[in-house]
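Colleague: Dock chain B against the given chain A, drawing on the hints supplied.
For the record, the sequence lines run as chains A and B. So the first sequence is numbered by full-length UniProt numbering: it starts at 1 and just counts up by one. So the second sequence is numbered by full-length UniProt numbering: it starts at 1 and just counts up by one.
Careful, some of the hints might be misleading.
To be verified - Derived contacts from chain A toward chain B, CB cut-off under 7 Å, selection only:
1. T60
2. A147
3. A183
4. D190
5. G197
6. S198
7. E241
8. R262
9. G264
10. A329
11. D372
12. G407
13. L424
14. E427
As the list claims (entries may be wrong) - Only part of the chain B face toward chain A is listed, based on derived beta-carbon distances under 8 Å:
15. K155
16. C237
17. G293
18. E294
19. R297
20. T332
21. I336
22. C340
23. G373
24. I410
25. G412
26. E427
27. V442
28. F443
By construction, these hints were calculated from the structure, which means they are not laboratory data. Yeah, the Cβ is synthetic: ideal placement off N, Cα and C, and Gly gets one too.
Number of protein chains: 2
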Amino acid sequence: MDDLLDRLRAGLPAEALITDPDVTPSYAGDMAGLCPAGTPAVVVLPRTVEEVRHVMRTATALRVPVVPQGARTGLSGAANAVDGCIVLSLLRMDRILDVSPVDRTAVVEPGVVNAALSRAVAEHGLHYPPDPSSWETCTIGGNIGTASGGLCCVKYGVTAEYVLGLDVVLADGRLLSTGRRTAKGVAGYDLTRLFVGSEGTLGVVVRAVLALRPKPPVPLALAAEFASTADACAAVCAIMERGHTPSLLELMDRTTVHAVNRLGRMGLPDTTGALLLAAFDTPDPAADLAAVGELCRAAGAAAVVPADDPAESELLLQARRMSLPALEAVSTGTMIDDVCVPRSRLAEMLDGTAAVAAAHGLTIGVCAHAGDGNTHPVVCFDRTDPEETRRARAAFDAIMALGLELGGTITGEHGVGLLKREWLARELGPVGLELQRGVKQVFDPLGILNPGKVL
Amino acid sequence: MDDLLDRLRAGLPAEALITDPDVTPSYAGDMAGLCPAGTPAVVVLPRTVEEVRHVMRTATALRVPVVPQGARTGLSGAANAVDGCIVLSLLRMDRILDVSPVDRTAVVEPGVVNAALSRAVAEHGLHYPPDPSSWETCTIGGNIGTASGGLCCVKYGVTAEYVLGLDVVLADGRLLSTGRRTAKGVAGYDLTRLFVGSEGTLGVVVRAVLALRPKPPVPLALAAEFASTADACAAVCAIMERGHTPSLLELMDRTTVHAVNRLGRMGLPDTTGALLLAAFDTPDPAADLAAVGELCRAAGAAAVVPADDPAESELLLQARRMSLPALEAVSTGTMIDDVCVPRSRLAEMLDGTAAVAAAHGLTIGVCAHAGDGNTHPVVCFDRTDPEETRRARAAFDAIMALGLELGGTITGEHGVGLLKREWLARELGPVGLELQRGVKQVFDPLGILNPGKVL
Numbered sequence: 001m002d003d004l005l006d007r008l009r010a011g012l013p014a015e016a017l018i019t020d021p022d023v024t025p026s027y028a029g030d031m032a033g034l035c036p037a038g039t040p041a042v043v044v045l046p047r048t049v050e051e052v053r054h055v056m057r058t059a060t061a062l063r064v065p066v067v068p069q070g071a072r073t074g075l076s077g078a079a080n081a082v083d084g085c086i087v088l089s090l091l092r093m094d095r096i097l098d099v100s101p102v103d104r105t106a107v108v109e110p111g112v113v114n115a116a117l118s119r120a121v122a123e124h125g126l127h128y129p130p131d132p133s134s135w136e137t138c139t140i141g142g143n144i145g146t147a148s149g150g151l152c153c154v155k156y157g158v159t160a161e162y163v164l165g166l167d168v169v170l171a172d173g174r175l176l177s178t179g180r181r182t183a184k185g186v187a188g189y190d191l192t193r194l195f196v197g198s199e200g201t202l203g204v205v206v207r208a209v210l211a212l213r214p215k216p217p218v219p220l221a222l223a224a225e226f227a228s229t230a231d232a233c234a235a236v237c238a239i240m241e242r243g244h245t246p247s248l249l250e251l252m253d254r255t256t257v258h259a260v261n262r263l264g265r266m267g268l269p270d271t272t273g274a275l276l277l278a279a280f281d282t283p284d285p286a287a288d289l290a291a292v293g294e295l296c297r298a299a300g301a302a303a304v305v306p307a308d309d310p311a312e313s314e315l316l317l318q319a320r321r322m323s324l325p326a327l328e329a330v331s332t333g334t335m336i337d338d339v340c341v342p343r344s345r346l347a348e349m350l351d352g353t354a355a356v357a358a359a360h361g362l363t364i365g366v367c368a369h370a371g372d373g374n375t376h377p378v379v380c381f382d383r384t385d386p387e388e389t390r391r392a393r394a395a396f397d398a399i400m401a402l403g404l405e406l407g408g409t410i411t412g413e414h415g416v417g418l419l420k421r422e423w424l425a426r427e428l429g430p431v432g433l434e435l436q437r438g439v440k441q442v443f444d445p446l447g448i449l450n451p452g453k454v455l
Numbered sequence: 001m002d003d004l005l006d007r008l009r010a011g012l013p014a015e016a017l018i019t020d021p022d023v024t025p026s027y028a029g030d031m032a033g034l035c036p037a038g039t040p041a042v043v044v045l046p047r048t049v050e051e052v053r054h055v056m057r058t059a060t061a062l063r064v065p066v067v068p069q070g071a072r073t074g075l076s077g078a079a080n081a082v083d084g085c086i087v088l089s090l091l092r093m094d095r096i097l098d099v100s101p102v103d104r105t106a107v108v109e110p111g112v113v114n115a116a117l118s119r120a121v122a123e124h125g126l127h128y129p130p131d132p133s134s135w136e137t138c139t140i141g142g143n144i145g146t147a148s149g150g151l152c153c154v155k156y157g158v159t160a161e162y163v164l165g166l167d168v169v170l171a172d173g174r175l176l177s178t179g180r181r182t183a184k185g186v187a188g189y190d191l192t193r194l195f196v197g198s199e200g201t202l203g204v205v206v207r208a209v210l211a212l213r214p215k216p217p218v219p220l221a222l223a224a225e226f227a228s229t230a231d232a233c234a235a236v237c238a239i240m241e242r243g244h245t246p247s248l249l250e251l252m253d254r255t256t257v258h259a260v261n262r263l264g265r266m267g268l269p270d271t272t273g274a275l276l277l278a279a280f281d282t283p284d285p286a287a288d289l290a291a292v293g294e295l296c297r298a299a300g301a302a303a304v305v306p307a308d309d310p311a312e313s314e315l316l317l318q319a320r321r322m323s324l325p326a327l328e329a330v331s332t333g334t335m336i337d338d339v340c341v342p343r344s345r346l347a348e349m350l351d352g353t354a355a356v357a358a359a360h361g362l363t364i365g366v367c368a369h370a371g372d373g374n375t376h377p378v379v380c381f382d383r384t385d386p387e388e389t390r391r392a393r394a395a396f397d398a399i400m401a402l403g404l405e406l407g408g409t410i411t412g413e414h415g416v417g418l419l420k421r422e423w424l425a426r427e428l429g430p431v432g433l434e435l436q437r438g439v440k441q442v443f444d445p446l447g448i449l450n451p452g453k454v455l
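Next up, chain A with everything else stripped away, as it sits in the complex (with noise of 0.2 Å):
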């Protein structure tokens, strides 16, 4: 320990070290639910390239094992700590190098807060779309780790297909170039992607180059009001099938809206079965909303209420964003549920999952990126009652077999973490498993890179 510390002392400046035992824990975990997180030897905060490459090559040197963060909202347990590892935050690395439009390209830091990246891009025209719930404090070296999604995903895609290269320490402190500064490139095998979604169990990313798109027209949402989940769910595919492009098609189920009605206040239908809101970010979207209007009434809507201008469309996104939030308000305890389906079985994955409420005896509300069949089923418990915890465990797992068996997958865009790793077992079958090892090895031979997390 002491030896650690003199080693880290040596070629880190005193300010990047934390080991005040009051302040260490509060650098031990993220925000996922029932996740262990161990005490951490010692937190350090680097500033530059060379100080990773310190922490990592005295890490390699002493065996100790080394957990990178963020900004700690992932969701998923991937950035816990370990007993008596080296906490890595990459939160002080937080600058902006380069903005380019005519390449449409970002080079950053691993510690810039994804909101101050959209906000310093938007200045040259320009938008850089994953926008995670959390993105006004999450960081993009988090985002990169967990692959983040975001309600934009349903047309601009997740954050895995805007990051073009990385610089990436690895476990022995050697850097890393991977990828490119270019709009295309094959040149070898793409070990970019390998590190998007790996929560450092790989390497520790300190810089990306990242792919930006030109802005878009401000969106205009509508919410339509449906009796059922499966009404719902069937305008969804008829919007899908009809070749529509919205920038947002969202779902809430009752349990949600009653929740975001209690918490905020917003005035949503109190007696509807399912919400559903999209967004059309066009050069005529009042066009489209009317377009989608009319299927979500084919589809059975009792109310379509387009926004008349973007004030409104941005109060219905509050609501939106705001589900998380008051579904956590709903008791002391939740656990987040990830679940990715091919659209075509979400009402069945909708329906399932208020089975599985109901076979458990508990308050479970979904929120959904209904247009990627990706549903974020939150199940409420007391933490308080162990009974009661270990029902909603059950259910959290009830609602990833559910999942599986409609051919989806564990997770959408949360990541595996600690939470799932026994799952991704079951995705991915043995052979699919041992080669995942194998990657890890090649890229961490003494497992000291976030260990127990993913596999």
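Modeller: Here is chain B on its own, set in the frame of chain A:
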């Protein structure tokens, strides 16, 4: 050898094997110039996954190299046989297994021809964007192996962005299912993407789940004449900087325009220094073309000619699609480069390529996916003249060196194969190369899958 054939025959129908030495040489190589191709021991054309597994089990048992092949339209020698190998042609596995308009996915076997898929999904109002110039004959499996691009990439990206999931027969015959059928998914490391562009060196793709898009409106194009490539590139930068999203943005230099006129009597402006083609498949393409035409004029265009209708647009695109055959008709030998640079450096790349042509006393015509910064300098030479052939190779190499100097990549979309193997090491550097070799080792420990390609 007899043992190999006996073992293969035990699990394959007779018609799946070609051993006739008059026929097997026709499977020896792809369309790359100056790449060695060996003599296969046998060509196998399986129809089922089980047959492919039998081939790989046999190859592993006997340590015989296997070279997977599609339509052999590749341009880097990735499909070239090695002496004594099994050529594994996937051409007969050509079924489209599923097309889902709701999920916007297709499930296909690897031998499906790109154009056949495009037409099949168009019947459902859907669109499979990747359109390499060989799209009428090349296969989806080959497109995945080489991570193909095409004319559409400036708006729609490359093949990699459309591959959601894969079934892959591994070197030892085991079957891996990787990826997903869903719009999103982050369960474990992205092995799917690792296979895209791996040129059959990691496994044999036997099934793919592809993402589709709604069919866009019919595009409308314009042509703009410039005095120099530098002026044309300035227009490209202005178009992208202003946030336009053309579905095509192509450049042909003077040499290419001349060659196309000579071959096809296309009536292109013979006096021009560079021709720029732009197309839009937006709701109002005429308006977009008008705006882009203005930017071209501001960048010095001598003439801007918008097409009046889709038929005229198609003629312009035909001229562009004719560029490679036209340049090939100029001489007895050609080598097609594939350097991609940040688009802000495109003008330097084109000026530098002209300087390389002058310095080496060779004709080099350039057509470019200008919107992507992806150039295809075609080095023309007399293949009966060893000295000129040597000079051509030197020029080809000088162009890659220039691309790397400008922050680009040696291959934007054609892949590494045999042709660029030494250059890949330069682009990746020693750390990247070592990791890539480690990954290869995980998937193919015996080194029997397409040996000598990529790494």
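Colleague: Identify whether the interface hint at B/F443 stands, where standing means a beta carbon of chain A within less than 8 Å of its own.
Modeller: Constraint on B/F443 satisfied, holds at 7 Å.
Colleague: Close enough to count: is the Cβ of B/G373 nearer than 8 Å to one in chain A?
Modeller: Status holds, d = 6 Å.
Colleague: Is the hint on B/V442 kept, meaning its closest Cβ partner in chain A is under 8 Å away?
Modeller: 4 Å, holds
Colleague: Does the interface hint hold: is B/E294 within less than 8 Å of chain A, judged Cβ to Cβ?
Modeller: Status violated, d = 17 Å.
Colleague: At a threshold of 8 Å, is the proposed contact between B/K155 and chain A supported by beta-carbon distances?
Modeller: 11 Å, violated
Colleague: Min Cβ distance, A/R262 to chain B: is it shorter than 7 Å?
Modeller: 30 Å, violated
Colleague: Closer than 8 Å between Cβ atoms is the bar; does B/G293 clear it against chain A? Give me holds or violated.
Modeller: 18 Å, violated
Colleague: Does B/E427 pass the interface check with chain A, least Cβ-Cβ distance below 8 Å?
Modeller: 5 Å, holds
Colleague: Quick check on the hint: B/C340 CB to chain A CB, less than 8 Å?
Modeller: 4 Å, holds
Colleague: For the hint on B/C237, just tell me whether its beta-carbon gets within less than 8 Å of chain A.
Modeller: 5 Å, holds
Colleague: Go through the hint on A/G197 and say holds or violated, using the shortest Cβ distance to chain B against 7 Å.
Modeller: 4 Å, holds
Colleague: Under 7 Å, Cβ to Cβ, is where A/S198 needs to be relative to chain B, so tell me if that hint holds or is violated.
Modeller: 6 Å, holds
Violation of the numbered hints given earlier is confined to hints 1, 8, 9, 10, 15, 17, 18, 19, 20 and 21; the remaining hints are satisfied by the structure.
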